[in-house]
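Could you put the whole structure together from the sequences, leaning on the hints where they help?
There are 2 protein chains.
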Amino acid sequence: MPQEALVQEEDLGLLVDLYELTMIQAYWAEGMNERATFSLFFRSLPQGRNYMLACGQQHVARLVTQLRFGERQIDKLRSLNLFEEGFLEWLAGFRFSGDIHAVQEGTPVFPQEPLLEVEAPIAEAQLLESLVMNYVHLETVLASKASRLVNAAQGRGVVDFGMRRMHGIDAAVRGVRAYHVAGLTGTSNVLGSVTHGLSAQGTMAHSYVQAHGKEDDALLAFARHYPGTTLLVDTYDTVAAVKRLIERMAEDSSLDIGAIRLDSGDLEYLAKTCRHLLDEAGHQDIKIIASGGLNEHSIRELVVNEAPIDGFGVGTSLGASSDSPCLELAYKLTEYAGEPRLKHSPGKHSLPGRKQIYREQEADGSYRCDHLTLRDEQAPGTALLQPIVLQGDFQEAAMASPDAAREASLDSVSRLPPELRSLVETRTYHVTISDRLHACRRLAESRLGLPPDD
Amino acid sequence: MPQEALVQEEDLGLLVDLYELTMIQAYWAEGMNERATFSLFFRSLPQGRNYMLACGQQHVARLVTQLRFGERQIDKLRSLNLFEEGFLEWLAGFRFSGDIHAVQEGTPVFPQEPLLEVEAPIAEAQLLESLVMNYVHLETVLASKASRLVNAAQGRGVVDFGMRRMHGIDAAVRGVRAYHVAGLTGTSNVLGSVTHGLSAQGTMAHSYVQAHGKEDDALLAFARHYPGTTLLVDTYDTVAAVKRLIERMAEDSSLDIGAIRLDSGDLEYLAKTCRHLLDEAGHQDIKIIASGGLNEHSIRELVVNEAPIDGFGVGTSLGASSDSPCLELAYKLTEYAGEPRLKHSPGKHSLPGRKQIYREQEADGSYRCDHLTLRDEQAPGTALLQPIVLQGDFQEAAMASPDAAREASLDSVSRLPPELRSLVETRTYHVTISDRLHACRRLAESRLGLPPDD
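Top to bottom, those sequences are chains A and B. Residues in the first sequence are numbered consecutively from 1, following the UniProt record's numbering. Residues in the second sequence are numbered consecutively from 1, following the UniProt record's numbering.
The hints are simulated quantities; they were obtained by calculation from the structure and are not laboratory data. Take these hints with a grain of salt, some might be off.
[What the hints assert, rightly or not] Residues from chain B shown here face chain A by an in silico Cβ test under 8 Å; the list is partial:
| no. | residue |
| --- | --- |
| 1 | Val16 |
| 2 | Val173 |
| 3 | Ala320 |
| 4 | Ser322 |
| 5 | Pro402 |
[Claimed, not checked] In silico DSS-like links for lysine-lysine, alpha-carbon gap of 30 Å or less:
| no. | chain 1 | residue 1 | chain 2 | residue 2 |
| --- | --- | --- | --- | --- |
| 6 | A | Lys348 | B | Lys214 |
| 7 | B | Lys76 | A | Lys287 |
| 8 | B | Lys287 | A | Lys348 |
| 9 | A | Lys287 | A | Lys272 |
| 10 | B | Lys272 | B | Lys287 |
| 11 | A | Lys214 | B | Lys348 |
| 12 | B | Lys348 | A | Lys243 |
| 13 | B | Lys272 | A | Lys348 |
| 14 | A | Lys243 | A | Lys214 |
| 15 | B | Lys348 | A | Lys76 |
| 16 | A | Lys287 | A | Lys243 |
| 17 | A | Lys348 | B | Lys348 |
| 18 | B | Lys272 | B | Lys214 |
| 19 | A | Lys348 | A | Lys243 |
| 20 | B | Lys348 | A | Lys272 |
| 21 | B | Lys214 | B | Lys287 |
| 22 | B | Lys243 | B | Lys272 |
| 23 | B | Lys214 | B | Lys243 |
| 24 | A | Lys272 | A | Lys243 |
| 25 | A | Lys272 | A | Lys214 |
| 26 | B | Lys348 | A | Lys287 |
| 27 | B | Lys243 | B | Lys287 |
Note that the structure is a prediction, hence the values are computed from the model and not measured. Note that CB positions come from ideal geometry on N, CA and C, so glycine has one too.
Dropping the structure here:
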């Protein structure tokens, strides 16, 4: 019986779409081994999003430098009867020898801006297509969703309860880092948190209440096991449960309850009612946590309506970024053998050349606009694409800790024009295209005999 | 530097939400170790879906029987300063000792029907919550989406191009099996296909065309490397590319081209135009494959409009089931110590007890309705919940091969009332609740002093 459960590191080289392997065998057979640049970008923002937070690029860049094809992987490819022995030997000796430039994890990015560029002999760069896209797509989608929740909560904590809805265990573990970078305040996910050196948070489930005969017995037992814990009060009737809890606290002053959690019903009404009951009984220190089908819109409504909620737990809408689970990331050839290349399919045009993004600030430090240029150009502002792999060597300094990436990301988001932090589409952040980049596109078009695309 | 890339099998026990561990430590401390039943089900169908295909339950059941906590995992939990040594010892000795009943992979399921039920001492069953939900959620969501594409294509092939949009590498590999079970005809995903013993399919990317100076040189080079291959013809101008290709085929009769792929533009118009051009030149044998932002609705439109397309490649909409990436799966305690248990939160009621689903057929073999009963009841039809783990032993016979699961699934979907295979919500499949199950609910409610919930 094959072990189907988990992807092993030595199998990561097989995480390709078949056409990558057939194309690079063709390059190998044709002796096409000039240096190519592939650019990872998106053409438009998903509906309702004003920015995306780039995430995952450091992570996958490090993996790329470790990518190898072992005997077992080569045997599997040999069994497909598509590949020549000489090409399989080339794969067996594969080591990524190129460069990767990327923006920092947690950087807000906009359409046409490369999140990452790979420069290497064309077969090497082509081989990475699906792996790089899969990694950056997932973490960027999840970090961007988390950033919206952070914006909506306006300083209240938001905790990830999404593991059960996340798509598989790799997403569940990597997502925790992306959420942290974007500013969530915690996660219930144990493996995700220990993997990234973060702390896990937790309350209790309805099953604990159900398993005990009486609800208040269950709540008190749990509070005695875990002083300062959060008690789930909605298994049968929220207000009745809170009233009984207050009675039991009056009988036993040693009880230490940190918070109650509301998980269903009219959360605004219940939060106001429970806050009133708790305050009246002198329990101003007991916090109220809300969960149960929340998303950024319902959180914003609760915040705007001044529901006395101290923190939010979000599961389903976060775990797969349910309103927008995909980003149309593209990984496109933009230069080959020193010459600009582009694509001209309807609605899928691309900009040629190796690029740089300059982010220009106002005098107060807020972001004014970006300048998209060729790599060797100068423009006002800070250059966002920095080398993270050089001649096949991962630059360890490029791998920020989760806390450092989070700090940088929250700072960046705070510098965006404020309308961009809205939950609905407001304005387009201005990204200029440099004259030289325009000229480069026209040159590539004219060489292909194509009409200018402006 | 920790290896953050991949989840190791020995870490799977940590794939829990923290509250599972704190709750089971409380059970352990309280000596609550009676047998519990947890039921995995959903309360309502996602918008637009008339059924879900249950998938992943066999897979996770096998993992559950292999779940262990090693020294390294125990050390990680110890470092959280939440757990007593005696409880950590209990975890170190953990072996799942219970039973799991599940429906077959690829079975159409409806609201309130258990996809799976776990019966074990309460701590064991509680520990599995997030792991079981994560596995079954992902594969059920992906298989259900794939089933819609199969329904829309009406016999034409549908190939998975979704790896780059799938949420992480675990989803990318497991999804391939779920797609196959649901009836997709292929995948471009190499690791996913070799893992499950399936074959991968592939065409070529725009980059191959772009890297070569002239488009037709690129297409011919690729066709010579891979006789019978599929050529991508939309990099610059689809119709012009096909015309040039026909000219080149006229010059070199040895060229063997299996298909052309259209990846952008008006696919119906282009398919009809290209089909006409190819037929006129005597190339009736060259097939036309379409891709580029397709989903079940656009596929149905192309099929209804008789676009001469022989197969579809689907990426983004499939990879994360983008219109409906989440299912509100619940894992709820329904029995403890032989007594029925339920939840009564607004909108989140549950049915108590250990259950069975009977699927009743019409005389012609089509499905008439389902009967949801207590486990030990009899009702007309076939009992869908079958044991896949007994006293901790995985029943290998319960793990169908991908091909066997696919055959059973396609057969089941074909027996559904035809309206249920529509892409929009049509009718509700009838699921009766047995009198004894009703009575069991009323008993549980009255014991809790709750009003009847009917």
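Verification of the hints:
Interface hint status for valine 16 of chain B: upheld, as the beta-carbon distance to the closest one in chain A is roughly 5 Å, under 8 Å. Proximity of valine 173 of chain B to chain A holds as hinted, the smallest CB-CB distance being about 6 Å (cut-off 8 Å). The beta carbon of alanine 320 of chain B is positioned within 8 Å of a beta carbon in chain A (closest approach about 4 Å), and the interface hint is therefore held. Satisfaction of the interface hint for serine 322 of chain B is found here, the shortest Cβ-Cβ separation to chain A being roughly 5 Å, below the 8 Å cut-off.
A hinted interface residue such as proline 402 of chain B counts as satisfied when its beta carbon comes closer than 8 Å to some beta carbon of chain A; here the least separation is about 10 Å, so the hint is violated. With a C-alpha separation of about 19 Å, the suggested pairing of lysine 348 of chain A with lysine 214 of chain B holds against the 30 Å cut-off. In summary, the hint linking lysine 76 of chain B to lysine 287 of chain A is supported, as the alpha carbons are separated by about 29 Å, within the 30 Å threshold. For a cut-off of 30 Å, the pair hint linking lysine 287 of chain B to lysine 348 of chain A stands: about 24 Å separates their Cα positions.
Of the supplied pair hints, the one linking lysine 287 of chain A and lysine 272 of chain A holds, its CA atoms being roughly 12 Å apart against a limit of 30 Å. Of the supplied pair hints, the one linking lysine 272 of chain B and lysine 287 of chain B holds, its CA atoms being roughly 12 Å apart against a limit of 30 Å. Of the supplied pair hints, the one linking lysine 214 of chain A and lysine 348 of chain B holds, its CA atoms being roughly 19 Å apart against a limit of 30 Å. Distance hint between lysine 348 of chain B and lysine 243 of chain A is fulfilled; the C-alpha atoms sit about 22 Å from each other, no more than 30 Å.
Using a Cα cut-off of 30 Å, the hinted pair lysine 272 of chain B and lysine 348 of chain A holds, with the two alpha carbons roughly 22 Å apart. Proposed proximity of lysine 243 of chain A and lysine 214 of chain A is supported: the alpha carbons are some 14 Å apart, at most 30 Å. As the CA atoms of lysine 348 of chain B and lysine 76 of chain A are separated by approximately 48 Å, the hinted pair breaks the 30 Å bound. With a CA separation close to 15 Å, the supplied pair lysine 287 of chain A and lysine 243 of chain A stays within the 30 Å bound.
For a cut-off of 30 Å, the pair hint linking lysine 348 of chain A to lysine 348 of chain B is broken: about 45 Å separates their Cα positions. As the CA atoms of lysine 272 of chain B and lysine 214 of chain B are separated by approximately 25 Å, the hinted pair is consistent with the 30 Å bound. Note on lysine 348 of chain A and lysine 243 of chain A: the hinted pairing is violated, with a Cα-Cα distance of about 60 Å set against a maximum of 30 Å. The straight-line distance between the Cα atoms of lysine 348 of chain B and lysine 272 of chain A is roughly 22 Å, inside the 30 Å bound, and the hint therefore holds.
At most 30 Å may separate the alpha-carbon atoms for a hinted pair to count; lysine 214 of chain B and lysine 287 of chain B meet this at roughly 23 Å. Of the pairs offered as hints, the one joining lysine 243 of chain B and lysine 272 of chain B holds, with about 14 Å between alpha carbons and a cut-off of 30 Å not exceeded. This hinted pair checks out: lysine 214 of chain B and lysine 243 of chain B have alpha carbons roughly 14 Å apart, not beyond 30 Å. Taking the CA atoms of lysine 272 of chain A and lysine 243 of chain A, the gap is near 14 Å; set against the 30 Å cutoff, the hint holds.
Of the pairs offered as hints, the one joining lysine 272 of chain A and lysine 214 of chain A holds, with about 25 Å between alpha carbons and a cut-off of 30 Å not exceeded. For the hint pairing lysine 348 of chain B with lysine 287 of chain A, the CA-to-CA distance comes to about 24 Å; that is within 30 Å, so the pair holds. Proposed proximity of lysine 243 of chain B and lysine 287 of chain B is supported: the alpha carbons are some 15 Å apart, at most 30 Å.
In this structure, the earlier hints numbered 5, 15, 17, 19 are contradicted, and the remaining ones agree with it.
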